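Chains A and B supply the protein sequences, listed in that same order.
In this text, residue positions in the first sequence follow the numbering used here: the first is 89, and each later residue adds one.
In this text, residue positions in the second sequence follow the numbering used here: the first is 89, and each later residue adds one.
Don't read these hints as lab results, they were simulated from the structure.
It is possible that part of the hints are untrue.
Not everything, but these chain B residues come out facing chain A in the computed CB check (under 7 Å) [unchecked claim]: (1) Thr103; (2) Gly281; (3) Asp312; (4) His357; (5) Asn359; (6) Gln384; (7) Leu386; (8) Ala387; (9) Ser432; (10) Met434; (11) Pro440.
Quantities reported herein were computed from a predicted structural model and do not represent experimental measurements.
Cβ atoms here follow ideal geometry from the backbone N, Cα and C, with glycine treated the same way.
There are 2 protein chains.
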Amino acid sequence: MKTCSKERLEDKIVTFSKFGDTGKGGITRFSLSPAALEAREEFCKRCKALGMTIKTDDMANIYATLKGEEGLPAIMSGSHMDSVKQGGNYDGILGVLTALEVAETIVTEKIPHRHPITVVVWTNEEGARFEPAMMSSGVITGKFDKDKMLASKDKEGTTFKEALEASGYLGEEANRMKPEENMALVELHIEQGPVLEAEKKDIGVVEGVCGMINYEFTFIGQADHAGTTPMKYRKDALYAATKTIQYLHDELDKLDSKLVYTTGKISAHPNIHTIIPDEVKFTLDARHQDPEVIKQVLAIIKAIPEVIEKCEVSYEEAWSRKTVAYYPEYVDFVEKSAQEYGYSAMRMYSGPGHDAQFIADVIPTTMIFVPSVKGHSHCEKEFTPVEACLKGANVLLQTLLKIDQK
Amino acid sequence: MKTCSKERLEDKIVTFSKFGDTGKGGITRFSLSPAALEAREEFCKRCKALGMTIKTDDMANIYATLKGEEGLPAIMSGSHMDSVKQGGNYDGILGVLTALEVAETIVTEKIPHRHPITVVVWTNEEGARFEPAMMSSGVITGKFDKDKMLASKDKEGTTFKEALEASGYLGEEANRMKPEENMALVELHIEQGPVLEAEKKDIGVVEGVCGMINYEFTFIGQADHAGTTPMKYRKDALYAATKTIQYLHDELDKLDSKLVYTTGKISAHPNIHTIIPDEVKFTLDARHQDPEVIKQVLAIIKAIPEVIEKCEVSYEEAWSRKTVAYYPEYVDFVEKSAQEYGYSAMRMYSGPGHDAQFIADVIPTTMIFVPSVKGHSHCEKEFTPVEACLKGANVLLQTLLKIDQK
Numbered sequence: 089m090k091t092c093s094k095e096r097l098e099d100k101i102v103t104f105s106k107f108g109d110t111g112k113g114g115i116t117r118f119s120l121s122p123a124a125l126e127a128r129e130e131f132c133k134r135c136k137a138l139g140m141t142i143k144t145d146d147m148a149n150i151y152a153t154l155k156g157e158e159g160l161p162a163i164m165s166g167s168h169m170d171s172v173k174q175g176g177n178y179d180g181i182l183g184v185l186t187a188l189e190v191a192e193t194i195v196t197e198k199i200p201h202r203h204p205i206t207v208v209v210w211t212n213e214e215g216a217r218f219e220p221a222m223m224s225s226g227v228i229t230g231k232f233d234k235d236k237m238l239a240s241k242d243k244e245g246t247t248f249k250e251a252l253e254a255s256g257y258l259g260e261e262a263n264r265m266k267p268e269e270n271m272a273l274v275e276l277h278i279e280q281g282p283v284l285e286a287e288k289k290d291i292g293v294v295e296g297v298c299g300m301i302n303y304e305f306t307f308i309g310q311a312d313h314a315g316t317t318p319m320k321y322r323k324d325a326l327y328a329a330t331k332t333i334q335y336l337h338d339e340l341d342k343l344d345s346k347l348v349y350t351t352g353k354i355s356a357h358p359n360i361h362t363i364i365p366d367e368v369k370f371t372l373d374a375r376h377q378d379p380e381v382i383k384q385v386l387a388i389i390k391a392i393p394e395v396i397e398k399c400e401v402s403y404e405e406a407w408s409r410k411t412v413a414y415y416p417e418y419v420d421f422v423e424k425s426a427q428e429y430g431y432s433a434m435r436m437y438s439g440p441g442h443d444a445q446f447i448a449d450v451i452p453t454t455m456i457f458v459p460s461v462k463g464h465s466h467c468e469k470e471f472t473p474v475e476a477c478l479k480g481a482n483v484l485l486q487t488l489l490k491i492d493q494k
Numbered sequence: 089m090k091t092c093s094k095e096r097l098e099d100k101i102v103t104f105s106k107f108g109d110t111g112k113g114g115i116t117r118f119s120l121s122p123a124a125l126e127a128r129e130e131f132c133k134r135c136k137a138l139g140m141t142i143k144t145d146d147m148a149n150i151y152a153t154l155k156g157e158e159g160l161p162a163i164m165s166g167s168h169m170d171s172v173k174q175g176g177n178y179d180g181i182l183g184v185l186t187a188l189e190v191a192e193t194i195v196t197e198k199i200p201h202r203h204p205i206t207v208v209v210w211t212n213e214e215g216a217r218f219e220p221a222m223m224s225s226g227v228i229t230g231k232f233d234k235d236k237m238l239a240s241k242d243k244e245g246t247t248f249k250e251a252l253e254a255s256g257y258l259g260e261e262a263n264r265m266k267p268e269e270n271m272a273l274v275e276l277h278i279e280q281g282p283v284l285e286a287e288k289k290d291i292g293v294v295e296g297v298c299g300m301i302n303y304e305f306t307f308i309g310q311a312d313h314a315g316t317t318p319m320k321y322r323k324d325a326l327y328a329a330t331k332t333i334q335y336l337h338d339e340l341d342k343l344d345s346k347l348v349y350t351t352g353k354i355s356a357h358p359n360i361h362t363i364i365p366d367e368v369k370f371t372l373d374a375r376h377q378d379p380e381v382i383k384q385v386l387a388i389i390k391a392i393p394e395v396i397e398k399c400e401v402s403y404e405e406a407w408s409r410k411t412v413a414y415y416p417e418y419v420d421f422v423e424k425s426a427q428e429y430g431y432s433a434m435r436m437y438s439g440p441g442h443d444a445q446f447i448a449d450v451i452p453t454t455m456i457f458v459p460s461v462k463g464h465s466h467c468e469k470e471f472t473p474v475e476a477c478l479k480g481a482n483v484l485l486q487t488l489l490k491i492d493q494k
């Protein structure tokens with residue numbers, strides 16, 4: 089069986105880690121920033137050297153295509169090259185570099201294929217400079233209103249439209265990926281979690297993306313002086329919030345063990361050590377692949393009393409996402425490819441969102457996960473050994489070839 | 089029995105509420121700000137009209153004195169005229185205005201007195217512009233290092249020294265209040281809490297200021313992705329903090345019912361709804377008049393495990409204050425004066441700090457509290473009806489006269 093080249097893949101990872109290098113093991117490579125444009129230039133240079141043709145669409149998504157038989161739809165693979173602030177060298181970029189390495193292997197090993205192979209780079213997946221995340225895959229699949237996205241501003245007040253126009257990568261809307269011209273998308277990504285490492289698996293066979301809900305809770309009490317207000321007269325919004333967080337833990341822990349939930353954000357007002365808080369807010373993020381479990385979470389939320397510790401309790405859904413199931417045949421191809429190489433693999437759902445979940449609505453799509461050491465992600469400690477990346481690239485190669493032979 | 093004038097007192101309250109008026113029922117009158125200097129000017133003008141002589145010391149504390157018999161020590165009364173941001177029209181200023189009204193009553197009613205009567209204004213009690221609070225009473229009683237205080241800067245970078253020099257109120261160090269020249273300080277203040285109102289009492293007979301401790305707790309967990317990290321692998325610093333707040337409530341509630349404790353301030357890092365918090369801090373403020381109860385609080389803190397929910401727990405004392413007992417004879421004078429007017433009164437300890445607690449170290453001191461409607465303070469809703477203020481002024485008048493007749 090053919091395999092990708094560890095040396096070439098390592099060179100790619102090392103080369104791209106220089107674009108936005110923080111000097112501390114990671115990168116800050118905001119979408120369409122100078123560092124991101126350097127990465128795009130290097131990517132296009134390497135694609136052209138392989139004889140690929142390059143197009144960009146009106147969201148500056150890049151499609152680099154290795155020719156196939158005339159008239160057949162293309163097989164796509166890729167991810168994004170932007171990062172969060174002080175992010176790592178693997179999130180997103182590894183999906184682009186492994187797809188590029190697969191293309192390079194196909195070219196250099198002269199591996200026959202009928203369908204065009206397109207390496208794709210989605211613009212602004214992180215949403216770290218311009219909100220929201222997964223902006224460009226969202227626009228071309230009709231999830232987001234393009235005009236609103238173009239008006240999104242970074243901290244300096246630059247709009248996404250201005251950044252797009254200045255980038256040199258603004259192309260035609262006609263160049264957008266289309267269901268009739270593209271038969272598949274396979275996105276390789278780091279797991280961004282500890283499960284593959286803990287379970288000693290080489291490959292995550294991603295069956296879909298977990299549904300999720302995100303709620304914001306608000307507790308209204310009364311701001312009184314810490315030194316003058318007897319306990320019996322108090323309406324302490326932080327204590328009410330504390331009781332609710334404990335309740336959520338107690339009840340949610342009774343549900344399916346695959347449920348993950350997080351109270352990540354909390355704020356208190358006026359947040360002064362000598363004043364009883366009169367307003368506390370916290371968020372709850374809950375994710376599970378089974379919509380029935382998400383319903384159980386909602387029932388637990390709805391059972392929260394309107395008044396806790398004399399404080400008014402309210403909550404609202406900030407946002408939510410339904411479970412996305414990937415294309416079963418391609419999911420099987422990923423699993424089978426791993427088996428053929430003798431790699432250990434496990435089926436799993438993705439907790440985080442990915443561009444692939446939007447594309448999955450219009451084109452048969454799946455994903456491949458490789459392990460994240462200690463589960464670190466979105467930080468400079470993010471790491472996946474090149475040997476583990478190579479296994480992912482090989483599985484990607486075989487999966488694309490299986491799709492090609494359909 | 090002689091009484092102060094409601095009309096005159098109301099005029100004083102209304103007049104001084106214009107200096108720093110927020111237009112929303114309160115004031116912002118930072119120490120030595122233009123608004124505070126207007127208030128000082130009006131105060132001095134009124135004192136001079138009563139024939140009082142005015143001195144200021146090296147911290148711009150103002151001493152306005154009504155002459156008494158030669159060679160006798162003065163009886164002082166007063167408070168501060170500065171406020172917090174968007175504070176009320178009573179905290180501090182009412183202690184100055186009632187003392188001024190008492191002086192005016194003595195002058196206009198020709199009430200005989202042997203000792204000089206000094207109305208005092210302490211500079212920068214709130215510490216809202218220049219930290220710390222109770223700065224100038226602290227300097228003249230040796231609690232704070234003067235040079236450090238002079239270097240304290242406001243948000244614009246102006247030092248307290250610069251503000252002092254520009255104020256026109258900078259006087260000689262020799263003018264500081266001295267134990268040999270001052271036999272008493274009686275400070276009237278609003279309660280800043282709900283107890284007098286709830287207990288339907290006109291006057292708080294303040295026996296002292298509660299001892300207090302302030303601790304900051306830190307919980308170190310691990311920041312992981314909300315969507316990828318199974319619950320069993322998590323080190324959630326917010327959950328650990330939540331459990332500790334609950335523990336503190338459970339245990340502290342078993343102690344004396346006069347104990348007040350507050351977890352007023354909380355912060356989480358990175359405070360993003362999709363990331364498990366890796367660092368959470370919160371504060372605990374606990375106050376009680378009996379040092380033994382404070383020791384019990386410390387024992388409860390020390391019983392907190394070093395590891396909670398797999399997170400490292402640490403804490404440190406941010407600051408503390410020992411219980412201050414006021415001068416028993418003068419405390420009795422306050423209680424007796426209230427009785428003589430037929431006002432209801434209760435003995436109590438002050439939760440908040442006041443300039444009087446520093447002065448109490450060097451001069452026999454006590455305080456009088458008047459009720460705060462709904463306990464509001466340090467906000468624009470702060471309110472005490474003029475009738476209730478008048479009762480306080482009358483008790484202050486009688487207390488000073490009792491001290492005078494010692």
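Enumerate the violated hints, using their earlier numbering and listing them in ascending order.
-> When the structure is compared with the hints, numbers 1, 4, 6, 7, 8, 9 and 10 turn out to be violated.
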